[in-house]
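**Q** Each chain, written out:
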Amino acid sequence: MDVLNGMFAHEFMRNALLASTGIALAAGLAGYFLVLRGQVFAADALSHVAFTGGVAALAFGVNELLGLIVATVLAAVILNSLAVSSRAGDVEIGVLFALILGLGVLFISIYVSGHSTSNSQGGVGVLFGSVFGISSGQARTAVLVSIGAVTCLLVIARPLLYASVDAAAAAAQGIRVGVLGGAFLVVVAVVASEAVQVTGALLILGLMATPAAVARNLTTRPYVGMALSAGIALVATWSGLTLSYVAPTLPPSFAMMAVLFGLYLLATGTVTIVRTSTRTRVKPSPVIGE
Amino acid sequence: MQSATHDQQAPVGTAALQLEDAAVSRGGRSIWRGVTLRVEPGEYVAVLGPNGVGKSTLLQAILGLLPLTSGSLEIFGRPPHQAASLIGYLPQRRSFDSSLRLRARDLVRLGLDGNRWGVPLPFAPGGREIAKRIDEVLEVVGAAAYAERPVGELSGGEQQRILIARALVRRPRMLLMDEPLESLDLGNQQAISALARDICRTEGVTVIMVAHDVNPILGDLDRVIYMAGGSAVIGRPEEVITSEKLSALYNAHIEVLRTSDGRLFVVGQQPEAISYHAHD
Amino acid sequence: MIDALNQLFSYQFMQNAFLAGTTAAVLAGIVGYFVVLRGEAFAGHTLAIVGFPGAAGAILFGLPQLLGLAVLCTASGLGIGVLGRGAVRDRRAESAAIGTIQAFLLALGFLFVSLYKGLLEGVNSILFGTFLGITREQALLLLVIAVVSLAALMVIGRPLLYVSVDEPAAAAAGVPVRALSIGFLVLLGLAIASTALITGALLVFALLVMPAAAANQLVVRPGPAMVVSVALALATVWTGLTISYFTDLPIGFLVTVIGFVIYVTARLVRRLGRA
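Protein chains in written order, with the numbering used here: chain L, 1 to 290; chain D, 291 to 570; chain Z, 571 to 845.
Just so you know, these hints were derived from the structure itself, not from any lab.
Careful: at least some of the hints might be erroneous.
To be verified - So the derived label-pair ranges between C-beta atoms look like this: (1) L:Leu144 <-> Z:Gln577: 43 to 49 Å; (2) D:Asn341 <-> L:Arg140: 55 to 61 Å; (3) Z:Pro746 <-> D:Glu443: 30 to 36 Å; (4) L:Leu218 <-> D:Gln382: 29 to 35 Å; (5) Z:Pro746 <-> D:Leu547: 46 to 52 Å; (6) L:Leu144 <-> Z:Leu575: 52 to 58 Å.
Stated by the list, open to error - From the structure, some residues in chain Z lie toward chain D, with a derived Cβ separation under 10 Å: (7) Arg662; (8) Ala663; (9) Glu664; (10) Lys687; (11) Glu691.
From the three backbone atoms N, C-alpha and C, an ideal C-beta is built for every residue, glycine too.
Let the hints inform the model, and build the full structure from the sequences given.
**A** See the structure below:
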């Protein structure tokens, strides 16, 4: 336990924990709705944009966060209009996002050729996170942005839940379904941009989808599910950071994903076992009205 | 036909639904026009007609989601936008959502306050009344036994009852149902129709149901709105679903056949998506 | 110009790259035709992600990259085929599961790369492709894989086409639908592993889907469509490798952009042809 006490003495660790706390809560909460609305792959697409935006900012020496947010928010708006209007198929969307990734590769090479090898960690940082390199200023920004995102999500939670479950009925009750959907994707874009520094663009999906996937197995009450998703994301980031501190060969983002995956296996495995055993033991009760 | 309950909040004689020479268009094309009809409070009315004739459009006009291009439409004496809180709506359901892991009870709750911002706080005042109301409405639809289960695990008929409960939870005076019997087997169709009739009689709710096939619900109905040929007629089933009436409506040779056990079949040139072209 | 090309081919690594690239393009062009037909473009992308820890793990344990790629991609294809066809489709759980597994596999690959200290170059080349490190042995291994896969495809090609176009009818005609689907996923794994060697695990789309999708816009009959698909894939790889050699632009970027231009052109041609 002395090791853990020593952990908090380091500024880089405090910054990492601070930034990760905010981002985990926001990502976990957003992830609940992503899974509910079947928009997990929209988040994947946004993470591609975040990758390319991030390396572009690196390559051209621009303020990373602002560029990221602009790029991803733009992508979110486009995605929302695509989903609402035409039926852009699998292939079209995939082709578009492959192109975006390809552009990112170009920016990485521009960045690498413009900087000495000791600095090329920037590229890896965009891909897989650089959580132990977060400054106190960046940590503060992360917390503020996360508070904003979480507040936004909590405010729209109820109507968004209704719209996600039954859009036609929600619209008849006065809910602006399209506007809410767009606002939600914009929040996801902002959270994804912030999350790049913690998990890296390639692993954002883990922090958003997995906690919700676990929570789904644990509860059917919506607000409990939201809280659980946020909580599980938080537990995963803290344990991941601690694990990585204690065993430095493990990169922190890997440690977080490992914890998340382990929790996921545990939850789905337990549910499957419980379900198969109750099916064989208990007779189904008669249902009224059938 | 007299209804069992009386509307105490509106002056005597106020219709639940009143259309006067109403017309509606979509994208410049007229869907129906010259529709004049009156539904009394507490009636159970079916809206019938071929595909594409504008049955769902009628519901949307009542909900205020689609404006009239001419004529008037009043619900309990009020225009659509002011009557929104009086109406419970069950939209057409395309498929059976088997992956929704949301407690049935929570889905019903959304009908009550799903459009309010924020999240419901655990110990907020009024929680007990809300829970009581949800229990009540679940009893009415006969779904109390599976209210704690996730919606995705319920059968088609069970899901439909939960959705009806959601539409009823705010004590509407009118219930609009858009093809609720689709994708249900015959037993469930009859059960849901019987439920609609019970809601009508015991809760005093005016029920308007868009249906594809009149046979499962024929015995429960008060009257029928039949839409075809760009217009509509209302009347008792035996008055409206006749060879003469329908032939006049479709402007084609239509025959209504009655089987030995009372089922009706409409045969003849029934062009499916008949669209009425307005010339004005 | 001719001198420059002669010089290009005098290098061992460029010969290997062109051999591997050509082989991969042929295999990807044909398998890709079925991928687009069956609407499994996204499954292809996800299977390819698996390649990352496979390749990185292979390098970590001193094995050839292609071996790691091939083993993991085919095993996953097999796994998806066997486990995938559940009775009740829970689409939310499925997409959440795919996102979870994808993230974990990418993280695992990252772990392997950081363990052998390859970091940016390693990550870059496995994820986004390279043509520099392809050995003669890998190029020949790739050729063997491609020949075997194409032979298998020739055998199952017609029933596979039937199943992909009209599954219920094929099943009624006695075609072993499940076995064919699993078999196709294994072949897909092999094609992806081969492609990923050149384009990188994240950009297999450029050879596997874009040329086939473009061919699909231009030609309808299966035989000609496959030929066009292969031709476009070859054009993509050859152009990409050549430009990359002369300009130092990364291969992953080039094949993606060329593939994109080809696809957009094909769509425009089709739209103009209709008008």
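**Q** Now, for every hint given, state plainly whether the structure supports it.
**A** Structure-based check of all given hints:
no., hint, result
1, L:Leu144 <-> Z:Gln577: 43 to 49 Å, "57 Å, violated"
2, D:Asn341 <-> L:Arg140: 55 to 61 Å, "60 Å, holds"
3, Z:Pro746 <-> D:Glu443: 30 to 36 Å, "33 Å, holds"
4, L:Leu218 <-> D:Gln382: 29 to 35 Å, "33 Å, holds"
5, Z:Pro746 <-> D:Leu547: 46 to 52 Å, "47 Å, holds"
6, L:Leu144 <-> Z:Leu575: 52 to 58 Å, "57 Å, holds"
7, Arg662, "4 Å, holds"
8, Ala663, "6 Å, holds"
9, Glu664, "8 Å, holds"
10, Lys687, "43 Å, violated"
11, Glu691, "42 Å, violated"
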